[in-house]
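So the protein lines, in turn, are chains W and D.
Position 123 of the first sequence, counted from 1, bears residue number 123 in UniProt numbering, the numbering being contiguous throughout.
Position 235 of the second sequence, counted from 1, bears residue number 235 in UniProt numbering, the numbering being contiguous throughout.
Please note that a few of the clues may not be correct.
To be verified - Using 25 Å as the maximum straight-line C-alpha spacing, the simulated SDA-like pairs for lysine to any residue come out as follows:
id, chain 1, residue 1, chain 2, residue 2
1, W, K122, D, D9
2, D, K352, W, S81
3, D, K315, W, V55
4, W, K46, D, M348
Rather than coming from a laboratory, the hints here were simulated on the basis of the structure.
Just so we're clear, the structure is a prediction, and the values are computed from it rather than from any experiment.
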Amino acid sequence: MSTLRYTEEHEWIRVDGDTATIGISPYAQEQLGDVVFVDLPQPGKKVEKGKEVAVVESVKAASEVYAPASGEVVAVNGDLSTEPAKVNSDPLGAGWFVKMKLANKAELDGLMDQAAYDAYVKGLH
Amino acid sequence: MTSSAPSADLKTTPLHALHRALGAKMVPFAGYDMPVQYPAGILAEHLHTRAAVGLFDVSHMGQLRLSGANPARALETLVPADIVSLAPMRQRYTQFTDENGGILDDLMVTNAGDHLFLVVNADCKDADLAHLKAKLPAGVTMTPLPDQALLALQGPKAAAVLARFAPEAAAMTFMSAATLTLDGVACFVTRSGYTGEDGYEISIPAEKVEAFARRLLDQPEVKPIGLGARDSLRLEAGLCLYGHDIDTTTSPVEADLVWSIGKRRRAEGGFPGAARIQRELKEGTGRKRVGILPEGRAPVRDGTELIAGGRAIGKVTSGGFGPSLGGPVAMGYVETGMAKIGQSLEAMVRGKALPARVAALPFVKTNYYRG
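All chains, please: the whole structure from these sequences, using the hints.
Shown next as structure tokens:
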């Protein structure tokens, strides 16, 4: 099982070989509330670490999702176009946003592991 | 993703502790720490209100009383509605206008017999009180009612629920008022609300509101509803939100609120900005508030530019997701020539031109009880 790493902006990234999957954390989906739309990029789009890779819209508002690492988008989760609520029901699984081919795996070193992220979220309350 | 800052220095309503106990997510709104949603979430709360009954805490809104020498005549110097002809225990929607014909606030006015009862927006209430104080004639007394809480009970089963406490509630018609004894407490009740559904607004002494709110929540049809669903419900109902759809830059005619201006008032004038409003009634306006139905699934939010034929023709003033429609809904202002139902236009969302069309308001059929 591959490990998850998190950003301070509540994105997660999971690396399998050269490809990484990106989504938002259970905490993030809970803060957003009901997700009603996800604006996903076109495959082939190159994204820099910390820049917008997608936009998630809840009933209330639109929020940017930032890339946890640089790379090229190789796949997007098309299921979200008809079932955006998967982001709420399964944020770490079926609610993933994009898959990326990473440009520089060393960028992951600065991200939080599960324990660090859990402590970080706890500190937000 | 970014997190919101914690709230500080905010006012609270008498139901604050109950909101916390019910697990509400609290947000700052109009200077108050208010429930935006409860654990059920905005979608479920919205749909519950359309199907059964939602209980809203609207105690942040301003309640006040005008009494003394002919308060209806005095109020007509500040609003374009016909208040003098308002029958006892009847309610009417109107706006405070300014000298330019812009809207200072929108409000509900009830003829309570020996006085007028007003409900104004939370964000505007201090300014409204100052405005009234400065403009009302000496013989009219304005009394703010800060010790009164306000509940909105909304939904198709609201009448059945309230009739358990006071059977006469069921016979009240839309926009009528009554003093009802609810759970042993004298309450001033109007059959109105701001969701497009049948329902009531209940003015109740602050110290009695929590006990009564709990009694209402004990009824199987009733669930607590936050400001998130209140906003999506009023948007689907095509109702204006002050500060978004109407403000000092919009006139009641542009805002398509002509129905709220009495026939006599249109002819006679005598309210702030009457010259502009009477001219607009005769000659029309350059822009108009309309419903906008985006064709895709992407919500089109407040501030979004609307274009047609390659040029800007208007702007969205309220927009989001309509849970009852299962898709995005919006409203905003467009050039009058583009205001016809069915008119195609495009909404510029994150640099993309998304197809949309002008649609009739309300998006969801209203369910008022007219007797």
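To see whether the hints hold, each was checked on the structure:
1. The suggested pairing of K122(W) with D9(D) holds, with an alpha-carbon distance near 23 Å, which does not exceed 25 Å.
2. Among the hinted pairs, K352(D) with S81(W) is consistent with the structure: their alpha-carbon atoms are about 17 Å apart, no more than 25 Å.
3. With a C-alpha separation of about 21 Å, the suggested pair K315(D) and V55(W) falls inside the 25 Å cut-off, and the hint holds.
4. A C-alpha spacing of about 23 Å is found between K46(W) and M348(D), which places the hinted pair at or below 25 Å, so the restraint holds.
Checked against the numbered hints given earlier, the structure satisfies every one of them.
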